[in-house]
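S.K.: Based on these hints, arrange chain B on the given structure of chain A.
2 protein chains.
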Amino acid sequence: MVKTYIFGHKSPDTDSITSSLVMTNLEKVLGNEDAVACRLGSLNKETEYVLNYLDIEAPELIEKVEDEANVILVDHNSPAESVDNIENAKILKVVDHHKIAFETSYPLFVRAEPVGCTETILFKLYKENGVEVTKEIASLMLSAIVSDTLLLKSPTTTEDDIKAVKELAEIAEIDYETYGLDMLKAGTDLSSFSIEEILDLDAKQIDFKDVKSIVNQVNTASIPEVMEMKADLEAGMTKIIEEQGLDLFMLLITDIVNSNSQVIALGKDAALVEKAYNVKLEDNTVLLEGVVSRKKQVVPIMTESA
Amino acid sequence: MVKTYIFGHKSPDTDSITSSLVMTNLEKVLGNEDAVACRLGSLNKETEYVLNYLDIEAPELIEKVEDEANVILVDHNSPAESVDNIENAKILKVVDHHKIAFETSYPLFVRAEPVGCTETILFKLYKENGVEVTKEIASLMLSAIVSDTLLLKSPTTTEDDIKAVKELAEIAEIDYETYGLDMLKAGTDLSSFSIEEILDLDAKQIDFKDVKSIVNQVNTASIPEVMEMKADLEAGMTKIIEEQGLDLFMLLITDIVNSNSQVIALGKDAALVEKAYNVKLEDNTVLLEGVVSRKKQVVPIMTESA
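In order, the protein sequences belong to chains A and B.
For what it's worth, this note's numbering labels the leading residue of the first sequence as 1053, then goes sequentially.
For what it's worth, this note's numbering labels the leading residue of the second sequence as 1053, then goes sequentially.
Extracted from the complex, chain A is given alone in its bound form (with noise of 0.2 Å):
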């Protein structure tokens, strides 16, 4: 029995959770048995708060794949992202909404698509497919479109994304308004966590041309409640830089709710974001309005400056 493990990126979040659980699904349904869910990492709060409001259990931790696995990749396709040994595996399929960032030696099914979540492409595939979308399925679509579109507000929102919301909140019988802000809000009690682990929570290596960095970006209701830590924060910050030699380390703390996000940044290349959104540091941070997109609003931006 050939295994295929599916599993979205490292320091995962609910898109990466539930399109593992959803595409094995799918994967199963068109005759794949051998389909495994699995995930890169802890879950993180919101994550947490979608699996046990369904009832669902988490996709299987691993933290590498046999020589030769099959592999299906979901949101997400570069190696840095995805299982420290994907070189030795044969990826059967990618489906993505990330820029394009892997190469292959061999042909393969690849669905990206610019729209604002992997389950909106998942969504699709199902209906090209014939494949029933449960009530569960729903649920676990609908929270993902939720938590990348933010409510279906951040400028990766497509209509493809609200087209989705609006048919899956119907199938799975939830105001996805009322639901989704519970969700949102449950992402961003960090009480329990460390310093080390809220900086790993949604990190994310990045390099802008040659600047080595780590994008990090913390969801809050409260961006004052947040920068109490930032004495701390940025010890962990710079500990973390001195260990992996990055050029740069920054840190969106995201206003889920005025959608605004107030950046920590640190390193030999923080100027780099003074040019890229023509501002000016002050003590190592400053509010960049209306930015809640890492993918959409920064990276773009980060790495034409660089």
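Worth flagging that the hints you see were computed from the coordinates, not collected in a lab.
Because the structure is a prediction, the values reported are computed rather than measured.
Every residue, glycine too, gets a C-beta built ideally from N, C-alpha and C.
Please note that a few of the clues may not be correct.
Each pair of labels, with its calculated beta carbon distance range [claimed, not checked]: (1) A:Glu1356 to B:Pro1207: 37 to 47 Å; (2) B:Val1183 to A:Asn1312: 40 to 50 Å; (3) A:Asn1140 to B:Lys1327: 14 to 24 Å; (4) A:Lys1218 to B:Ala1132: 36 to 46 Å; (5) A:Asn1140 to B:Asp1107: 47 to 57 Å; (6) B:Glu1118 to A:Asn1140: 35 to 45 Å; (7) B:Gly1297 to A:Val1331: 43 to 53 Å; (8) B:Asn1137 to A:Val1331: 44 to 54 Å; (9) A:Ser1246 to B:Glu1326: 56 to 66 Å.
M.R.: Only chain B this time, still in chain A's reference frame:
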């Protein structure tokens, strides 16, 4: 008016030309009125036969696109096979059946599948979008699938390709076996080409790890007939090797009736062919039995052996 240039790879084959036309029609029907079908090189004899037979005009020949132009890539994704200034363009979509060999700094629409022909994927896109496959569009699709799969006999052929050809033959009202063989044979007519042109007809720049190579494929109904030009072909290949600093020039002379390929290999790494296929080159040439697919039976094997 911002145009969207839609094109296949350099040294275009029937799939690249017809996919450009078929994708452009799809875009137009779906509301992108500024889509323009383009091509990056001369038509080969096979494609000329197809367009003549169907009385359809060839896509517009282009060498460059404007800076920041919108482009849609069909039947390729590698920058090396694309328009020269692809790095200045905005790639909106990719529809392809090759290995993934491009990167972006932004999310985009990618539809790749490991099937025999881009048109097999486009046929699905038409269906998914509820767009009518006219007799003309079906004929174009059918021609490309028959071409890429050598009448469904190449090992690249999948169930999806077979299914598509059967459905398309009905819509197109074409006996695909008779039409297909005539089309393939038309493509083997080299009489009007100079040696330089033959060596450029379907040449792909491929690096097998560090081995900088060109792999060119010429279809024929008679290998001995092509081998009569061996001395001239070798002289031309040697010239290109020197001009481009290649490590290997591999010319596949593929017998489309009997499904074999005679290889001529030149360059300092010509022995890679011997290693990859466990054969001995004699006078720079060897018959590779059953080898007809560059993508499936050359690229992965040569890459692994390099």
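S.K.: Next, verify each hint and record whether it holds.
M.R.: So, going through the hints one by one against the coordinates:
Checked against the hint of 37 to 47 Å, the C-beta distance between Glu1356 (chain A) and Pro1207 (chain B) comes to roughly 43 Å, which is consistent with it. Taking the beta carbon of each, Val1183 (chain B) and Asn1312 (chain A) are about 42 Å apart, inside 40 to 50 Å as hinted. Between Asn1140 (chain A) and Lys1327 (chain B) the beta carbon distance is about 22 Å. The supplied range of 14 to 24 Å therefore holds. A C-beta distance of roughly 43 Å is found between Lys1218 (chain A) and Ala1132 (chain B), which places it inside the suggested range of 36 to 46 Å.
At about 52 Å, the CB distance of Asn1140 (chain A) to Asp1107 (chain B) agrees with the hint of 47 to 57 Å. At roughly 42 Å, the beta carbons of Glu1118 (chain B) and Asn1140 (chain A) sit within the given window of 35 to 45 Å. Distance hint check for Gly1297 (chain B) and Val1331 (chain A): the Cβ-Cβ separation is about 47 Å, which falls inside the suggested range of 43 to 53 Å. Range check, Asn1137 (chain B) to Val1331 (chain A): about 33 Å between beta-carbon atoms, so the 44 to 54 Å window is missed.
Roughly 59 Å separates the CB atoms of Ser1246 (chain A) and Glu1326 (chain B), a value that falls within the hinted 56 to 66 Å.
Violated hint for the displayed structure: number 8, the only one.
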